[in-house]
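Kindly produce the complete structure, drawing on both the sequences and the hints.
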Amino acid sequence: MRRLRSEQTGISYLSTGAEDAPLVVCLHGFPDIPRTWAPLTAHLREAGYRIVSPWLPGYAPSSLEGPFDIPSVTRTILALVDELSPSEPVRIVGHDWGSVITQCALAQRPERFRAAATLAVPHVLAFETNVERYPRQIQRSAYMAFFQLPIVSDRVVKLRNYRFIERLWQSWSPGFDPGPEYFEELKLCLQASMPAPLKYYRAMASLKAVRELRATFAAGPIVVPTMYLHGERDGCIGPEIAEDQEAHFSALFEMVKLADAGHFLQLERPAEVNAAILRWFEAHQ
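Take any residue in the sequence shown, count from 1 to its spot, add 20: that is its number in my numbering.
Derived by calculation from the structure, the hints in this document are not laboratory data.
Hints are all accurate, no fakes.
Pairs of lysine to any residue, SDA-like flavour, derived with a Cα cap of 25 Å:
| # | residue 1 | residue 2 |
| --- | --- | --- |
| 1 | K219 | E27 |
| 2 | K178 | Y163 |
| 3 | K207 | L179 |
| 4 | K207 | G86 |
| 5 | K219 | E85 |
| 6 | K219 | L188 |
Here you go:
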């Protein structure tokens, strides 16, 4: 595993696998780090892929300069894809914010992607529709409103060595503990990054960015074959919020639900997640 940096985009990333192997780009979410993809990375590398796992913009050692609205972050990720694989389409995986960024990238420039897998956050338009149908999700997403208070939330998140972050993990993936080494690495990243990771949520208040994001998805369904995976015990995004996504995909779409898995299903149920994603990628060469 090598740690590299794209000077063009300001993105630092982990890379493993043969340089001439088919490329898979794996995008983490909040509050997380590229290590979240360690089980999947090992599985895909053994299957003959090259895997690049960036620190998202705003997560050190990647650039901490914004903007952090999803259309802007997506353009940065697309620039990284162009740099790493200028001529060949790639495969992409995204979790949480990484899922939203992946969807946006698929919608903006589908020719750059051969297949995709998204986890834990469904298609943006399905999310909006299902929140109206299942208002309990508003309570689950209350942390997003809290993050709109810069001085208060910045301070609270840091209190007691980022205890707030540990509690999010416990709430979102009940009964799962990634271990002290994982949390230590995550906290070191947050210490070097704050408050940039919270600015993703504050950027949701930008009407211009929201209009651009909605226009991207309103232009038509996603045409890249996409697998979606969701844990049925997800305490962040309820499984009902992932319903009825098919209409937003004109290419092949498959949904995989994992019982006894929460929000961080790639770490909770790595064997099932790894096998499903590899099967999907192998089916779309």
